[in-house]
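> This is what each chain is made of:
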Amino acid sequence: MSAALFFEQLLNGLQFGVMLFLMAAGLTLVFGVMGLINLAHGSLYMVGAFACASVVAATGSFTLGLLASFVAAAFAGVIVEGLVLRRLYRRDHLDQVIVTFALILVFTEGTRWLFGSYPLYLDIPPALQGTVHLPGGIDYPLFRLMIILVGLLVAALLFLAVNRTRLGIRIRAGEADREMIAALGVDISRLYMIVFALGAALAGFAGALVGSVQSVQVGMGEPVLILGFVVIVIGGIGSIGGALVAAILVGITDTMGRVFLPMVFAGFTDPASANATGSALASMLIYILMALVLVFRPSGLFGEKA
Amino acid sequence: MRSDMIFTLAAMAALLAAGLYGYLGDEPFFLTLAAKAAIFALAGAGLNIALGYGGLVSLGHAAFFGIGGYAAGILASHARNYEPLMSWPVELAGTTSAPLIWIVAMLAAGLFSLPMGLLSLRTGGVYFIMITLAFAQMLYYFAVSWPAYGGEDGLSFYVRNELGGLSTMDPWSWFLICYAILAVALVFIAVLTRSRFGLALTMARENPLRLGNIGVAPRRVLLTAFVISAIVTGLAGALYADLNRFVSPSMLSWHMSGEIMVFVILGGVGRLGGPVAGACVFILLEQVLGGFTEYWQFLLGVALIVIVLMGSGGLAGLFERTGVRKAAAHG
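Residue numbers (the UniProt record's numbering), protein chains in the order written: chain V, 1 to 306; chain Y, 1 to 331.
If you are wondering where the hints come from, they were derived from the structure by calculation, not from laboratory data.
None of the values given here were measured: they were computed from a predicted structure.
Quick reminder that beta carbons are idealized off the backbone N, C-alpha and C, glycines included.
Some clues are possibly wrong.
One side only, chain Y facing chain V, incomplete, derived with CB under 10 angstroms [as the list claims (entries may be wrong)]:
{"id": "1", "residue": "LEU51"}
{"id": "2", "residue": "GLY55"}
{"id": "3", "residue": "VAL57"}
{"id": "4", "residue": "ARG80"}
{"id": "5", "residue": "PHE142"}
{"id": "6", "residue": "PRO147"}
{"id": "7", "residue": "ALA148"}
{"id": "8", "residue": "ALA185"}
{"id": "9", "residue": "ILE265"}
{"id": "10", "residue": "PHE292"}
{"id": "11", "residue": "TRP296"}
{"id": "12", "residue": "PHE298"}
From the derived model, a few chain Y residues whose C-beta atoms are all more than 12 angstroms from chain V [stated by the list, open to error]:
{"id": "13", "residue": "LYS36"}
{"id": "14", "residue": "VAL126"}
{"id": "15", "residue": "LEU209"}
{"id": "16", "residue": "ASN213"}
{"id": "17", "residue": "MET261"}
{"id": "18", "residue": "VAL262"}
{"id": "19", "residue": "ALA303"}
{"id": "20", "residue": "THR322"}
The shape of chain Y in the complex, shown without the other chains (with noise of 0.2 angstroms):
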């Protein structure tokens, strides 16, 4: 527990570190990736709970991203035309307040993993995966062949949400709310893991006979933890749509769960810090052999099957390995 603890500080100064680069230097586009890979670590940090703690590899969690970013995009492109959300049974108006969008976006993606994880629990193992991923391409074709909100071309609404006097179109100040959020949520995580919900969490993916045993319902259990996991992964989504001030079905297709999977596996699942240092590696790769060539996700694919083939734990299960090493060597 205590080399997952300094794993994840790490990760998080390096971002942080990255983050003052990019302030000092004065190079916006790289405060922008910065607050990219604060948001993906959120992403995968959400699908952490249930993949890492619960067990529950679930390869749809592009919903709840795309339906976080979608809450953001319909809210905020209401507000701007001064359309009203909907006028009956009561009138309500589209905001462009953020800390509301956010809100919004959380009780969105937690609404729809509620019936998506009733059902996929149902059954578990390989049909679990199965399942996920069809019902987040269920809502990918929903927003692809549904006019309103722009279908597969997406909805731009070109000024990023408001937060207080913050001006949140500075790339300084937009960094820094994506990275205190992520902190305030791997705080919240650290403190569920260690809760009893995290030991009977654990224990549902470990024993789930014992622990029906000992008079707690697993799947239950495993229910809330989808049901939170989708919601920190819907503030993610809220978050990349105002990065970008734009939506499209891209944010719920299956590359964008396998994506958000890539992260927490890169870093290490079951790890705290692992989905922020597997999002950090993972838009620096995307950086240095996007770089190189065209097709970098050829390399990205080959480099994937070399780390998962060669061991497992991701950077913190390397760096834990180490780590063991050196106080072998000092002991």
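Next comes chain V alone, as it looks inside the complex (with noise of 0.2 angstroms):
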């Protein structure tokens, strides 16, 4: 094990963990401001990634394409927050986690309808391919290392809105107390709107970088959507800065995972079966880090006692 892979291999931990967070940040979101559990973010994430697909295809432009999937996701949001989730604030969860999970289907599905089963493909920009050598002799595709600036720029952009604005104070005395600001003026209605469009907006732009790297096709919200759960569930539920922490650390454990534990068992057992159990340990890895996590602070690293 060379250090440049490992530091290859860190990297892309902290890129798949910064990408983890822009979804993990709108589910946290949401359910502390509006209490709503919502399955569908991973269909806005997917969503995001067709409008860019989609854009790119049309127009060339790759700029055009990140916007779009920023406008589609946060538009589709607004659309099924005011038809459906409006509906279901005072249900309980039982009933938000069957409405979400049928407003995956149609997403899934309608997707499907509009665009085949087959995955989209999407050209990096030119400008942006190619490797850049980063100090310690490694190479590290350019394209990954503006993910991880783009990914850190947009968390540091919603610390300072959730924490310096006027709308930021609004969100947080949203989650500390709903009642207390409808009844000192707050358009609460309205409030939610944005809350969930900025959500779905975040989650639209995380599934266009990651399919621009990966692909772009149905069903690729619902891995990343659970992904972000556990991340919740590590954070603890309602802290920002809980959910970036816990994103890095899942981001990373899994990726080290993967490569490193096949080779560390490759110490001890024959190569084949070394593979096995290693990919098998690795993909459990994530979740074992989150039981953990249960069984000493129940309510997540950061989160307030419950």
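Relying on the hints, combine the two individually framed chains into one complex.
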């Protein structure tokens, strides 16, 4: 195991973690403010990716594609919130789960209808192709590096927005006491819509970025959604800072586990079974991490005591 | 309670009628569908113990369904290939005896649900949903990446397992076996919910603080319900594997968890006959809408949203409301 490989995988883990944060931030905001558990958050991620792919195919501009992912996911979020989810805020979690599960079916099959089942591939713009030399003799793809930077930038902006703006004050007040801020004259249904659209836009943006590294396909949002839940459970519900730390922890644990666990097992068993055991264990690693956090801190690393 | 009983009997009668229609009309495909409905109903009945009676919104019951399925698949494939299941410390062979497989499936599901429930119940509410989902997903990825039993491709075993002298490959006898197991399970659940334990469970859902105050630990009651619920769903998984003579990670996928929950909600949460009605309607929708368009799940999604937004209680709730209206009209 060389140091270069180690750092490269560390960066990959960081990139994965930052993308997970964009997902988890929306989930935790929506849950914190509206008390809604939204399984269809992964569908908004998918909407963003497909919007980006379509716009890039039509215009050839990657920047426009990214912008489209933001706008399309926010738009889809507003429609879904206004038509369906708005009626669920006062219902119990069971109704929320089943309706948002149904929304996934609608989004997934609807997208399959429109785009077919074959994955789409996005071309990274030429300016962002190639690799960069990092100190320590690592060649790292420029585009992935950009994803890390953009993701961290968005995270910083989100922190500023939540902690330093009037909207952020309202969001935090909404988390603390919904009835009270409604009584103080804040238009609560507009606030809900803004929060939901913001969460949706972040998910859609993440979908477009990840879609351009991997592929854009139907159902791409669901594995990420579940990882988003793991992140929230580890970080603590409602805590954006917790979500960031947990997302990076999960991203790095998962990436490192997949690369290095088979190597570790190769130290004492034959290669074939080392590979099998290592990758099987690696696929479970983050859930084991989650179980450990639950044993020691049931309300998450940064969650308030329930 | 009486209306629940009538509804349950009506749903069971409808399922039996569907089976009889398939048998008398000599339509084996129809019989297989009826058997599938019975198995899904059993899986839903299992979830209903945790979800309906205990108020535990578990989005991870596919784990138990899949464990049951894999228990059946692994035991049967070892027996058919004449490979011992393990040779150390004791030699264990596979088996094709259905009752033995059912017991192993139930044990395995129960054993997995115990730590899962212990961990998930450390928190409540929305955390519980996410954690059960995550643990089921863990098992799913494990099944996908573990190559010994087919990994992503799944595991086929060609012939259904054996039960006495019955010919399990005959659709009619297979349907009757599934139907009988479902009936026994429903009787068990009816007795369970009327027992002291059932009352404690209802109270653990409605008012855990109060239950604690009268000296019963709510968490222990909920954990017991979660394990029983997993055992019933695990049994359904073993039957489902036998029905298809095939298990794959898709039995463990979270879509499966969602579908099991849909059976319960379509039929009526916390109603004995709810999952039976829900599973039958689900299969019916799948066939009718599926014949209509390849994208039938789109329509299913829309239908589900409308059903949940319109009112609660599913089909059983609808039945109760119309029953009450009729009684009011006559009285």
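> Evaluate each hint against the coordinates.
Okay, the hints, checked on the actual structure:
About 7 angstroms separates the beta-carbon of LEU51 (chain Y) from the nearest beta-carbon of chain V, less than 10 angstroms, and the hint is met. Given hint, GLY55 (chain Y) at the interface with chain V, holds; its Cβ is 8 angstroms from that chain's nearest Cβ, closer than 10 angstroms. Taking 10 angstroms as the C-beta contact cut-off toward chain V, the hint placing VAL57 (chain Y) at the interface holds, the least distance being around 5 angstroms. Interface hint at ARG80 (chain Y): violated, since its Cβ lies 23 angstroms from the closest Cβ of chain V, which is beyond the 10 angstroms cut-off.
Look at PHE142 (chain Y): its Cβ gets to within about 6 angstroms of chain V, closer than 10 angstroms, so that hint holds up. Against a cut-off of 10 angstroms between C-beta atoms, the interface hint on PRO147 (chain Y) holds, since the closest Cβ of chain V lies about 5 angstroms away. Hint status for ALA148 (chain Y) relative to chain V: holds, with the closest Cβ pair at about 8 angstroms, below 10 angstroms. Checking ALA185 (chain Y) against chain V by beta carbon gives a least distance of about 22 angstroms; that is not within 10 angstroms, so the hint is violated.
A distance limit of 10 angstroms between C-beta atoms decides the matter here; for ILE265 (chain Y) the minimum to chain V is near 5 angstroms, and the interface restraint holds. This hint is violated: PHE292 (chain Y) has a C-beta 13 angstroms from the nearest C-beta of chain V, more than the 10 angstroms allowed. Interface hint status for TRP296 (chain Y): upheld, as the beta-carbon distance to the closest one in chain V is roughly 8 angstroms, under 10 angstroms. About 4 angstroms separates the beta-carbon of PHE298 (chain Y) from the nearest beta-carbon of chain V, less than 10 angstroms, and the hint is met.
Here LYS36 (chain Y) stays apart from chain V, with its beta-carbon at least about 19 angstroms from theirs, past the 12 angstroms limit. For VAL126 (chain Y), the condition that its CB be more than 12 angstroms from all CB atoms of chain V is violated, with the nearest at approximately 5 angstroms. Taking the minimum C-beta to C-beta distance to chain V, about 14 angstroms, the non-interface status of LEU209 (chain Y) holds against the 12 angstroms cut. At roughly 20 angstroms from the closest C-beta of chain V, the C-beta of ASN213 (chain Y) stays outside 12 angstroms, upholding its exclusion from the interface.
The claim that MET261 (chain Y) is not at the interface with chain V is violated, since a C-beta of that chain comes within 12 angstroms of its own (minimum 6 angstroms). Listed as a non-interface residue, VAL262 (chain Y) fails to keep its Cβ farther than 12 angstroms from every Cβ of chain V; the least gap is roughly 7 angstroms. Not every CB of chain V is more than 12 angstroms from the CB of ALA303 (chain Y) (nearest about 8 angstroms), against its label as outside the interface. Listed as outside the interface, THR322 (chain Y) is consistent with that label: its C-beta sits roughly 22 angstroms from the nearest C-beta of chain V, beyond the 12 angstroms cut-off.
Comparing the model with each numbered hint stated earlier shows that hints 4, 8, 10, 14, 17, 18, 19 do not hold.
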